[in-house]
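Enquirer: In case you want the letters, here they are:
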Amino acid sequence: MINFQYARANDVADAVRQIAADPAAKFIAGGTNLVDLMKYDVERPARLIDISHLPLTTVEETADGGVRIGALVPNSDLAYHPLIAQRYPLLGSAILAGASQQLRNMASTGGNLLQRTRCLYFYDVTTPCNKREPGSGCSAIDGVNRINAILGTSESCIATHPSDMCVALAALEAKVHVVGPAGERVIAFEDFHRLPGNTPQLDTNLHPNEVITAVALPARGFADNYSYLKIRDRLSYAFALVSVAAALELEGGTIKEARLALGGVAHKPWRDTAAEAALRGQAPNQTTFRHAADLLLRDAKGYAHNAFKIDLARRAIMRTLAQAANGTPQSQSDKKIR
Amino acid sequence: MQTYVGTPTSRVDGRAKVTGQAKYAGEFNLPGLAYGHVVVSSIPKGRIKRIDTRQALRLEGVLDVLTHENRPRMAGTDRAYKDDVAPEKGSPFRPLYDDRIMFNGQPIALVLAEDWDTAQFAASLVQVEYEKAPHVTDLRAQRENAFVTKRPSKPRGNASKAYAAADVRHEAEYLIATEHHNPMELFASTVVWDGDGKLTVYDKTQGVQNVQQYLCGVLNKKPDEVRVRSPFVGGAFGSGLRPQYQVVLATLGALALERSVRLVLTRAQMYGLGYRPETIERLALGATAGGTLDAITHEAIAMTSQYEDFARNDTGWADLLYKSANTDLVHKLVRLDVSTPADMRAPGAATGVFALECAMDEIAVALKLDPVELRLRCYSDRDQSEDLPFTSKKLRECYRQGAQAFGWEKRNPAPRAMHDGSELVGWGMATGVWEALQMPTAARIVLTANGHAEVSCAASDIGTGTYTIMAQVAADALGLPIENISIKLGDSTLPQAPVEGGSWMAASSAHAVGTTADAVRKELLRLAKKMPGSPLADAKLDEVVLADGKLMAGQDATRAVSIADIMRAGEVERITQEKTNSFKEDSAHARNAHSAVFAEVKIDEQLGVVRVTRVVNVVAAGRILNAKTAHSQIMGSVVGGIGMALHEETLFDHRFGRIMNANIAEYHMPVNADVHDIKVIFVDEPDELINPMGIKGLGEIGLVGVAAAIANAVYHATGKRVRDLPITLDKILS
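Chains as they are written, first to last, in our numbering: chain U, 164 to 501; chain F, 5 to 738.
Derived from the structure by calculation, the hints contain no laboratory data. Note that the structure is predicted; figures quoted are calculated from it, not measured. Glycine included, every Cβ here is placed at the ideal spot set by N, Cα and C. One or more of the hints may lead you astray.
Derived list of chain F stretches under chain U, where covered just means 3 residues or more per stretch with a C-beta under 8 Å from a C-beta of chain U [to be verified]:
(1) 122-135
(2) 274-284
(3) 579-590
(4) 655-665
(5) 728-738
Can you make the complete structure from the sequences, with help from the hints?
Expert: Take a look at the structure:
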């Protein structure tokens, strides 16, 4: 870890002003990822601007029937918030599938979106990594890539986004509110994270010096038919090999609306509208689920150690859709898969 | 009078541990402490061409940067670096000795600063230029270069011929990934500069005297100039048996600065220490149609470093367990550009018995025999390598009690036949075996007239309960309440003890205490006899006992004198005795601990997710001194076995010759969610031959067989035989 300066932001405008004034500065909120990265010398900010005291900690209903979540609401508070637990249980479930209680107590809503990949090479500064050091090469493509991506990869990068919460947010069509030097704007969730392409150093479409202020959920919460299923190398406290967020609206024995997003498989939470379209109007059965899974995975590409994820993802999609359709969502405390 | 030995007793050091009063190597604070941080190599092989420390040295608060170029003088012979646990063959690693790089993560510089943050920041400013050399780190790719290092016993009969002629045959290779110990406590040393070149070294180690002698040899110090202490150790599992590089570096730092130095390694740096070596195990079993074995071939190929031949007993265990007229057992090594492997809980047996017990399960399937029944048919009452009987072997009883406690008779033998909702259920079992060793160990007892005793010994308690069992033995032998016993451990100036390992510390330390307590009793009797009108005037040593604070003849309460009265009459304030245990030479018996492990797994068939829902581990290990600490020790071993079976794997990128998951986020060990019902049973195994107290030790036996029982349960559940640890879900689904 390098020595760094520390400053506090008084309000959102002050935060934007401070970050714009110092190109080597970074925001810190919960610090659950940034501090690790600093210890590994992956991040070397000369200055940390502490935004954890900004008044962005409320969860409130909005005029359109949705919910607005302040960017500094801790993951734990959000998961157990009555509005979330009752109306968006998919989101609460996904949050509780991630990390540990202690980490969730520290981690913020905005920070969760900005987690960096857990690719082993990204963390090891002695190895080439295009995300960490553009142009140095991707070590994972021909290296230890069990935890790497199978969808949307490029020749530059096969890293994944590690969040569970974001997979649910993608399925729920959340919107991200940000403030920057040019003022406020709203980013649709699917446009927030990027695919690696030839600029894997960019995880998101945030403009320079923007700060996340809130995440907004639309009214539709899929509280009756949802499930978040996370498959990993031990039963808790591990990043997803594959995770699936499924949300359905059923009417008269057919699927009226469907959402399907995957974690652990791509550089961003992977949502496929074609797969969702294939579910709509169909009976919620294995044939339907299988077809949607095949569609979603049609362009999947495996590498030496992670090709198994394609079949695993297919199985997980089918299972999660069945859990959602049956109204038997996966419990995040009992690890037996329902 | 309460008897402590055999009674479940809470840890005597428990309160100190949970209240933070127990201090570990990196926790000793003193004025003027300087802090170290290590710079490690980022290549596996080559030379340091240039190491530039100028930028680090310019940083305010940096005191010095030690490299091979400017370190204090160190010994130049291999002999000086050979600690008690060093492999016989090879040249031990010499930290900071010269410009050669022999493994990734090798220490190449020590930054010393006024505070830890400065030291670690300065470490990042040290610039190193390497001359790289071609390296090899892949055991599987290098297996053709394996060479025979040892045979646990001479071949008997002709195993390959008998195998070819056998009614039923099974041959397979089993692969065990490299594993790291990952004790909770980081490796740390605090070296106190006592002045005039004298040092007190607080070290995370399983053997203070081993470290003391090693440091004296390496740094050319006189024995009275270096005192090594490890009053508490936060887990080690074998990683602290040999002196680790941080103790050398911290001591070099203290000598260079003439000042006290603390050095704590990072978790990532601990992956540059020892590990359980990746091993390829080939088993070929030939059986008669009646279910007895006629041929056992067991070949192990393990990795070691280029500079030391580390080899343990992987293949010798079949001789102890299963009768066979023909055996061929051999251990091979492949030298790679890595650090030397280390003992890790049940070294050799954990890997070798895993393979043997999976192979036994496979041939049981081929024979259509119940796996317990097969083991009973093949049961050996003798160690066939030397053709010796055992001091005791209640393994049949382990199988019986284990099967009963587990409900084994309800097992449907067919794979994939048992279900629980959407989960496949698998029941598997395996045998465990380990050595029952004992070592020369001394103890000092200081008995004071107020009926308190201090018992001291250089041994380390690495969390196993040594403090507690020594207090129990002392309390019984001295006839005092356990509260009146204080135990001092982990100090090289205390009476001689071996490293804490090999499961030998319970037997060794208990008999050291017993022998010394006998001497105390003898001295008390000598004094008592001199008392005017002594009721013990005619008493013989072998008829007097210490009980309730009194010396008494047998159970005769009228012939008793209190310890206080004896010492007052004898005008002594304290009685001090120091003795070394001694064990009868007995080359006519084999000495082993045994176990039977039964495991239940539930596997989601669609997704391959495994839950180990039940484990019953039945252990025959002689007399159990303390069922409470013993139970914990075996339970912890089972958790280690679950990790070995399902989770643990050190991942190398062989292009870089580098470990890629050197942290406990990506090196997976079981978490609470992975651990369910664990039942531990100790069978009654009186053993009057092994040693006077009948103790065998429990450090390793609880781990052996666990991974095999789980692997066999996975097969029973799924019909899929995974021979490659860890059993991750992709291997089940493939």
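Enquirer: If a hint holds in the structure, say so; if it does not, say that too.
Expert: Hints, one by one, checked against the model:
1. 122-135: holds (count 3)
2. 274-284: It is violated, with 0 qualifying residues against the three required.
3. 579-590: violated (count 0)
4. 655-665: holds (count 8)
5. 728-738: holds (count 5)
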